[in-house]
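So the chains spell out like this:
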Amino acid sequence: MPAHLPERVGRRGMSQPAALRLVDVTKRYPAGYTVGPVSLEIGKGEFFSLLGESGSGKTTLLRCIAGFETLTAGTIALGGEPIHTRPPHLRNVGLVFQNYALFPHRTVYENVAYGLKLRKRPPAEIAERVGRILEMVGMPDLGGRYPSQISGGQQQRVAIARSLILEPPLVLFDEPLSNLDAKLRVQLRFELRALQRRLGMTCIFVTHDQSEALALSDRIAVLAKGQVVQVGSPTDIYQRPNSLFVAEFVGSSNRLPATLEHADQDGSHVRTLGGLALQSSARTQADTVQLVAMFRPEEVEILPSSVTEAPNRFACEIADLTYLGEDTHLQLIARASGERLLATFKSHRRWAGLAAGDEVVAAIDPAAVRLFGGP
Amino acid sequence: MASRFHLPLWVILLALPGLYLLGLFLAPILYMLMFSFWQYSQIDIVVRAFTFENYLALLSPYYLRLFGRTFSIGLTTTLVAAFLAFPVAYFIARARPAIKSLAIFLIMTPLMISTVVRVFGLALILQRDGVLNQFLALIGLPAILLARTQSAIVIGLVQMLLPLMVLPLVSAIERISPSIEEAARNLGANSARVFATVVFPLALPGLVSGCVLVYTLSISALVIPALLGGAGDRMIGQQIYDQMLVALNWPSSAALSTVLAVFTIIFAILGLSLTARAAKLREAGR
Amino acid sequence: MTPAARRILLAVVIAIYALILAPIVVVVAVSFDGSGRYAFPPTQLSLHWFQEFFQSAPYFNSFMYVSLPIGLIVAVVATFLGMLVATALTRCRFLGRQTAEIYFTAPLFVPDILLAAALYLAYSTIGMKGSLLSIAAGHLVIALPYVVRTLMAGMAGIDPRLEEAAQNLGASPLRAFAHATFPLLQSSIVSGAAFAFIVSFSDINLSLFLSGPGTTTLPVHIFSQLEFQDDPTIAAASTLQILLVGGMLFVLQRLFQRTPAR
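Protein chains in written order, with our numbering: chain A, 1 to 375; chain B, 1 to 286; chain C, 1 to 262.
Some clues are possibly wrong.
List of simulated lysine to aspartate or glutamate pairs, EDC-like, C-alpha gap at most 20 Å [claimed, not checked]: (1) A:K346 to A:D365; (2) A:K225 to A:E53; (3) A:K183 to A:D209; (4) C:K129 to B:D44; (5) C:K129 to B:D242; (6) A:K346 to A:E298.
Cβ pair distances, simulated, as ranges [as the list claims (entries may be wrong)]: (7) B:L245 to C:A153: 36 to 46 Å; (8) C:R93 to A:A282: 44 to 54 Å; (9) B:V262 to C:G130: 25 to 35 Å; (10) B:L33 to A:K117: 52 to 62 Å; (11) A:G152 to B:L33: 58 to 68 Å; (12) A:A127 to C:F109: 48 to 58 Å; (13) C:N61 to B:L7: 40 to 50 Å; (14) C:L72 to B:I99: 28 to 38 Å; (15) A:L90 to C:G130: 46 to 56 Å; (16) B:G232 to C:A39: 26 to 36 Å; (17) B:V262 to A:T26: 44 to 54 Å; (18) B:L187 to A:L354: 46 to 56 Å.
Derived from the structure by calculation, the hints contain no laboratory data. Cβ atoms here follow ideal geometry from the backbone N, Cα and C, with glycine treated the same way.
Could you put together the complete structure from these sequences and hints?
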């Protein structure tokens with residue numbers, strides 16, 4: 001077998017230590033666009049997402065790892081070994097393309113068997129492994145079909161099978177679900193996660209869909225304008241965004257410009273531009289600094305007017321009510337300051353007869369009031 | 001894409017074809033340019049002494065008549081071709097896919113069949129006792145004597161070059177959204193008006209590039225004037241051939257070819273700039 | 001369009017097509033006329049002139065031993081060179097790519113009589129006049145742009161990600177091209193080769209300047225017969241030319257939906 005291709009060791013599972021380390025990875029384009037420097041460490045068996053809008057650099061980063069873009073600076077090490085100087089066909093990382101890139105002139109079987117054929121495995125072994133992987137992705141009988149004869153979702157499974165059959169230490173997914181319709185996307189999402197857990201594969205998943213990233217990942221790196229803005233678990237990203245950008249990119253948010261009034265051991269007291277007083281458990285450094293107070297719509301509690309004592313309690317008028325089945329969205333106007341905010345809650349908890357124009361009482365847990373610098 | 005040999009891939013790929021064209025296209029043409037400045041000698045054919053005499057000879061009355069005749073035949077051909085090409089191009093551009101491919105096939109195939117064959121057929125038709133006159137006799141009309149005339153040359157050239165005018169026009173018209181025509185109609189324009197105010201102006205870029213192509217090829221024609229024209233209807237192409245292979249006055253032929261080449265370049269540049277301006281007009285009207 | 005206008009347009013278009021196709025129709029019809037007087041429509045149907053063609057040495061030799069071999073050589077070499085150029089122009093990013101594209105399609109826009117005269121001079125100087133190879137070399141120049149255009153169009157329609165997928169699965173760049181892209185190019189390659197053959201087979205201007213004794217192409221022989229003789233074998237020769245070229249184009253159109261791009 002070709003000496004330069006990695007050998008399969010052991011029955012299944014990782015053939016090499018799967019940690020991926022990116023150090024100061026930079027890709028500079030002649031037009032001026034730069035991605036990086038990016039430094040990341042991904043652990044073995046981890047489901048790691050790169051989340052960002054188009055143009056944020058996430059696909060570029062993925063292609064750098066796969067070898068289809070050469071680095072301007074930095075190193076990439078897979079299992080401790082540097083791979084950034086190797087050509088794409090010698091890197092042994094799987095890549096599942098957004099548009100699947102199945103060979104249209106080969107059958108499903110031939111597509112999936114392609115990598116093994118290149119590695120000169122015996123036909124019997126190929127047949128057995130192809131059969132097994134097709135069953136694993138839920139397509140046991142479609143080996144003889146051509147890509148044009150199967151649906152988008154099935155093509156995606158074949159693309160995944162084609163990469164997985166080689167049991168690479170790392171699998172890269174370039175927005176694999178974005179070409180599918182919503183229901184299929186959700187279904188395939190769970191299957192993918194189950195497959196990943198079952199095989200213990202390390203994978204990097206590129207997406208612009210934040211709910212996808214939150215649902216699938218062990219950790220997420222949020223990217224913007226070619227830089228990593230925050231890395232953390234879904235909970236970290238969602239509950240403890242490190243910047244207004246991340247706060248607004250993942251999930252919805254209310255943002256109110258405010259100034260710091262005073263700080264004590266409980267946290268900070270701020271006043272919004274409209275004059276609303278808010279208490280936050282966050283600590284801030286300087287004194288007279290421009291801030292933005294941010295809290296999520298589901299963190300705005302609607303209380304019965306009988307409750308008179310609650311932190312961050314203020315009277316509101318309902319400007320608009322939208323019933324969405326499971327959730328209800330309220331557009332509120334704070335009486336004291338005239339500022340608008342969005343509140344959401346599960347519909348089954350609503351009190352009878354809420355309608356636009358009603359007066360309600362809103363309250364926010366100080367721990368939910370996050371403060372960010374800047375206007 | 002990088003390659004193993006420390007040379008970019010494109011250099012490796014383009015080396016052989018690039019050198020081939022250099023040696024068999026660019027080099028010979030430059031050589032001919034050089035040749036045009038050498039002296040003609042009846043004994044050795046050419047003496048490598050620098051001279052302008054070949055070009056000066058082109059200013060004689062004979063050559064000036066030759067140029068005038070060639071350019072006017074070219075102009076007539078281009079105008080007739082443009083006039084005939086528009087309806088065909090419009091028809092093809094707006095046709096159903098099945099009809100469109102048949103129509104394009106029918107117009108491209110003659111282009112690829114050798115010119116001599118088509119000229120032979122045309123001669124058969126235009127002869128004194130040819131198909132055309134047989135047909136006219138049949139319906140009681142007097143014969144038209146077109147063989148060996150300038151008109152025959154124009155007919156032959158138009159017949160050969162019409163597809164080259166049609167194709168760019170088809171592209172240009174296809175780019176005009178049918179809804180623009182429909183809007184004009186909705187505002188009260190009849191078919192002629194729609195053509196004059198919508199189709200023609202917007203198809204101008206295609207028309208210009210078609211005209212440049214047809215004109216350039218008309219003035220350099222050899223076989224068609226040789227077989228369809230009379231003794232007094234010589235065009236530049238025939239002169240180039242005769243000087244080169246019959247009179248063996250290579251420098252003179254080279255000079256004439258160079259002049260033709262220069263005119264070709266001038267018309268191409270003119271055409272390109274006109275096309276660009278016409279295209280800008282088109283964009284502005286969006 | 002109003003129905004009346006549409007009918008007028010159709011009539012005009014049919015008339016113009018008749019103008020373009022008439023000579024071809026007349027030639028084919030006349031070639032089957034047994035009387036030898038170019039009667040149109042043919043008075044007596046006969047294959048006599050076709051027999052004459054195959055029995056007449058100048059006609060047959062120019063077809064079998066000159067035009068045909070040259071056409072085949074040009075088809076093969078032009079396809080090979082065209083493949084190199086098309087790959088470079090569609091798959092590589094480099095400064096001056098636009099210029100390179102113009103360079104390799106330039107012969108399309110130069111009247112071939114200029115190239116013919118220039119090659120005549122060049123060949124005469126180095127003593128290469130009149131051989132099969134020198135004619136083929138000249139045809140190659142004018143045929144190459146057709147192949148390049150056809151192949152570029154074909155390659156542009158193939159997703160470059162297919163090659164990347166093959167590389168990602170372990171194929172070296174060359175193998176990836178061979179496995180992923182090349183199989184999908186077959187129709188373009190066949191079309192390109194066919195166009196190269198047709199361009200070479202039908203050429204008259206280059207052949208007029210470059211033919212020598214014993215290396216007369218079929219179109220040149222027809223030309224010489226037209227100028228000096230009145231032999232209906234010309235019609236048969238012409239019809240064979242029409243059928244060969246027309247037939248190839250028709251098959252290409254049916255199989256691959258392809259017409260030559262200029």
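Okay, the hints, checked on the actual structure:
1. A:K346 to A:D365: Given that 20 Å is the threshold and the Cα spacing comes to 18 Å, the pair holds.
2. A:K225 to A:E53: holds, 9 Å
3. A:K183 to A:D209: holds, 14 Å
4. C:K129 to B:D44: Given that 20 Å is the threshold and the Cα spacing comes to 17 Å, the pair holds.
5. C:K129 to B:D242: Holds: K129 (chain C) and D242 (chain B) sit about 17 Å apart, inside 20 Å.
6. A:K346 to A:E298: holds, 9 Å
7. B:L245 to C:A153: 36 to 46 Å: About 38 Å separates the Cβ atoms of L245 (chain B) and A153 (chain C), which means 36 to 46 Å holds.
8. C:R93 to A:A282: 44 to 54 Å: With a Cβ separation near 49 Å, R93 (chain C) and A282 (chain A) satisfy 44 to 54 Å, so the hint holds.
9. B:V262 to C:G130: 25 to 35 Å: holds, 29 Å
10. B:L33 to A:K117: 52 to 62 Å: holds, 56 Å
11. A:G152 to B:L33: 58 to 68 Å: holds, 60 Å
12. A:A127 to C:F109: 48 to 58 Å: holds, 56 Å
13. C:N61 to B:L7: 40 to 50 Å: Holds - the Cβ-Cβ distance for N61 (chain C) and L7 (chain B), about 46 Å, lies within 40 to 50 Å.
14. C:L72 to B:I99: 28 to 38 Å: Roughly 35 Å apart at Cβ, these two residues keep to the hinted range, so it holds.
15. A:L90 to C:G130: 46 to 56 Å: Given a distance of about 54 Å, which is inside 46 to 56 Å, the answer is holds.
16. B:G232 to C:A39: 26 to 36 Å: Given range 26 to 36 Å: holds, Cβ gap about 31 Å.
17. B:V262 to A:T26: 44 to 54 Å: holds, 52 Å
18. B:L187 to A:L354: 46 to 56 Å: The hint (46 to 56 Å, Cβ to Cβ) holds, given that L187 (chain B) and L354 (chain A) are roughly 54 Å apart.
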